[in-house]
Amino acid sequence: MGHIMDTRIPFGIDDETKRLAQQLADQKRKALFHDARLTEQVNLAFEKFDSKKVTFVDHESAKSCMAERKAKICNRDK
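Note that the numbering used here numbers the sequence shown so that position 72 is 779, with each residue one more than the last.
Quick caveat, the hints were computed from the structure, so don't treat them as lab data. Keep in mind that the hints are not guaranteed to be accurate.
Simulated pairs of lysine-lysine, DSSO-like, Cα-Cα distance not exceeding 27 Å [claimed, not checked]:
(1) 777 x 760
(2) 760 x 770
(3) 725 x 735
(4) 755 x 770
Work out the full structure, taking the sequences as your base and the hints as a guide.
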């Protein structure tokens, strides 16, 4: 029987390539974390919906409510 040797070809990766690879890995990690967090929030929203613990607000009412909240925040320090 023939013997198969593990052959490896050594090569160097320059610092810029290492930096870019690390940067890409960091971006992917952040994206995965964000996706997981978003999925969690969506699942919680559907759980509330399914358990009837939500109240829907029409667009105009939501805009009005947000305008009131923003006005309170802006006038807080005055």
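Cross-check of the supplied hints:
Note on residue 777 and residue 760: the hinted pairing holds, with a Cα-Cα distance of about 26 Å set against a maximum of 27 Å. Taking the CA atoms of residue 760 and residue 770, the gap is about 22 Å. The hint holds against a cut of 27 Å. Simply put, residue 725 and residue 735 have alpha-carbon atoms about 15 Å apart, close enough for the 27 Å limit, and the pair holds. A threshold of 27 Å between alpha carbons decides the hint, and for residue 755 with residue 770 the separation of about 22 Å falls inside it, so the pair holds.
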